[in-house]
Amino acid sequence: MTNKRSGCLSIILSLLFAGVAFAQQKGSIRGIVYDKEFDAPLATVQVTIAETGDKIIATDEGIYLFDQVAPGSYTLIFSKSGYTRQVQANVVVSPGKMTEVEVSLSGEFTDMEEFIVEDIRTGDTEAGLMELRAESPALLDSVSSEWLHQAGVTDAASALSLVSGATVQDGKFAVVRGLPDRYVSSQMNGVRLPTADPDKRAVQLDQFPTEVIESIQVSKTFTPDQQGDASGGAVNVALKGIPDKNVIRFKTGYEYNTQAAGNDNFLTYKGGGVNFWGIDKKSRDIPSDGVFTGSMGVTGDEAPIDYSMSMAAGGRIELGNGVSVGGLVSSYYKKDSSHFDNGVDDALWIDSKYRGDGLTPQYGNPDSPPDPPIPAVGEDFKTSLFDVTESSEEVQWGVLSAIGMEIKNHSLQALHMHTQVTEDKSILAEDTRGKAYYFPGYDPNDPKGLGNDPDNRFAAPYLRTETLKYTERETDTLQFTGDHTVPFSEAGINDFITILSPKIDWTVALSFSGLDEPDKRQFGSAWYAESYDEGYPVYGIDPEYKPAYYGPYTPAANFLLGNASRTWTDISEKSDQYFLNLRFPFEQWSGDKGYVKLGLFTDKVDRKYDQDSYGNYRLTGDSAIPTYEGSWDDYSYSDEFLDLGGPTMKDGPPFVDVDYEGEQKISAWYYMADLPLCSFLNVIGGARYETTKLNVINDPEKDAKWVTTDENGNRLYVDLLPGDADVAYRQDDVLPLLGFVLKPFSKITLRGSFSETVARPTFKELTPIQQQEFLGDDVFIGNNALKMSALKNYDLRLDYTPYNGGLISVSWFHKDIEDPIEYVQDLVNAFSFTTPLNFPEGKLTGFEVETRQHLGYFWDVLKGISIGGNATFIDSEVTLPESERARLADAGVETTSRNMMNAPEYLYNIYTMYDIERIGTQIGLFYTVKGDTLVAGAGNVNGNYVPDVYATEYGTLNFSASKKIGKHFNITFKAKNLLNPEIEEVYRPPGYLGNDEVRTSYTEGMDFSIYISGTW
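Start counting at 1 in the sequence shown, then tack on 117, and there's your number in this note's numbering.
Take these hints with a grain of salt, some might be off.
Below, a list of computed lysine-lysine pairs in the DSBU-like style, where the Cα atoms sit at most 35 Å apart [said to hold, decoys possible]: (1) 586 with 387; (2) 960 with 714; (3) 864 with 172; (4) 470 with 822; (5) 172 with 214; (6) 525 with 810; (7) 691 with 864; (8) 810 with 663.
By construction, these hints were calculated from the structure, which means they are not laboratory data.
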């Protein structure tokens, strides 16, 4: 690991200083503009450099020349009344060199020159975003749609790894500078969307495909015009807007995963799968007659075919008198699948009675603890050493539509977006290693073997759990926005300051998100191998062979449901968001510009959680749960279980579901100012006044349980009565900002800031509902006593731009956190679970280095090749509460602190891209590394020590290549996850207690895809 880390760092540092030693000699751009129809020089064409604003009018012979242009990459815009405007991107100027650019303009009947010149958008290009980075008062990093295409990423979640210091959690949620979703404000077009995810109060970034993204902007420092929980930063997915010219695009492609495609053992079940539109919940409704049918277990089948397609059309029309209107419609569709059969999910601990043995399997509660290689005679206990096979089939589609109108000082836009993501997941988990651990050399086919002896038959039996999980997620948002410049005659005060025209922008966003998980099926079984019983012949009891059979297996966390359960979960979340910003720009005596900004904000979120559970819990008087004779390779037990008799599937008694309604309302007002003290120093300051109201009302059924704590800190598993775990609080916060932007030289910018922010618990973390991914997996239970966290943030960043498009950057950041919310492992009523707690304090410190270089700047032969990289190093620590210190001490471990959850030790991104303009080909290679990351803190389970769990380092290598075919078409090949690393989590005890041991492990397979696209 150390060698890999040193190698990556050496590469990044080499790139970082590659451009410093080169001289800054300027170059020039020259060319001729032609009339495409007549193939003759075109006179008086206006040529504009988008990044600098420089303009020139071509001569009567169509010749234009820009002299003394700083080296870098530029975008040229050619426009003339009566002709279609043309944009020429990626024009590279080398020091001391002349760059030739010739273009041809086509005639048109509509004069759009004035409109186009005023509305040039560069947010979808790297050059434009570099300019945005330079001008932003916050520490801003961005990724353009241009770069997304070259990197071969498919959605906003995978694109986030291209940003310095950013990554994703669970493949969906933003993590910035080691701070997870609760500290990051994830938005779409500046609006935080609702989410029906049961786990998070964060937007699932995987629902935004790159086809609808213009750019992803990550602001790493808080400013008062941002929401108060933007502690780690704000991630804004900017969607494509109304295009500058009429355009029609399409793309279609085929995708291949090495672990899924062509696999005849792809897990599914009878009646499983996803239909074309991914809308099938009605056929999975709770049966009205109470008679449950359908499979309870998995079967193998051929994997589905993966493909995708998208279309977009839009344009603008000039109506005259400075009025223009435009629109855009974009749709996409994707069918995807994944599979792995090499998964591991082990539950281990340091047994208090055998501490010298290191990590050993967790087990139930036998009267005498197992002592390998031979456990206590006659004991009945179970382990949790699962080998996991998982298959998933997914359909994702969406429609984005936008209309807008612009006049001289005003623009209005309405946007609607609907997304649908449907997934059908089948999980098979089997524990055969527990038996082999306690009986080395165990042979399930030897009825006389020690492990099959009648006294040992029930010790660590083979276990099998089967989970069938179908989920529909939808998001719908309607947004109205307006930007207005107030006509205002400039007014000054004795040439000291000049007041410029005020600007107003506003947004109204009405959004809905829903998650429907109909008929989640879980089935658990234990298998007991054939056993030879010697009997007692002297007493007339003959020897006999007892056949192998299956019986029910119910994990302790599911004992109130039985070994077979079916659950219907429906989560809906509605959000109404409104904000208004007033900006008052001014120009001071030196000609430097600043502004004062005021604003109002409100966001009201209503969530409803409804769950109905059915199980075969055996009541007094019920018939016994049926068993089934068969070998371990016989999977018929789950299929035939509902026809074998025994307790019926019912919603109670016991009645154990807990529904809830949650409400979160955030209202705020703010002021801020960007004040130029002199030509090279701006001071930025202000404050946000934010009020949080959060309420949760639980609706438990009469037999529902919850986990609470008595006055001595002991965990109790008791009845949940109405009102017991409800939440209602209000908190008022003043969140200040003080920052500066110092530009001592034209190419160097130093930014610094201090700010205060907050972090809030999620609805899931506040409610006592037991949640579990699959039968036998970890259980999560909320904590209604959680409170908000408070953060103090310190940031510095130095940017050096040696030439236009080049960048060398170094950043430092530090965060002090009061009452951070962390997860711990605990035990109650014979089952372990994970729960959130407020720790007393935490801190996080780190630094980032980043560079981007265009090699054509240094040597003409390398024109079109760009390289870059970034690295983030993070050191985090949280202080354990006294209760956790005591619990760990009882398990034999003395400690006062640990790392912060979800904060990786380091992140690396390295890339190279080659744009061969003369043949219309682009090639890109991207490598990302995520360092070790704490995902669960240590705990005391029944007096035994469960160590910290870390996700270990892994790297991802992606390749993409695209080629233009004629004028309108493009073909693209992408290869993702070429290294196919094992994605592991490990138990990490203190060194004196043992070494790392695998907690979970799997691989995702390599993805290959080919697409063809067209643009008119």
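Item to complete: May I ask which of the numbered hints given earlier this structure violates, with the numbers listed in increasing order?
Response: 6, 7 and 8
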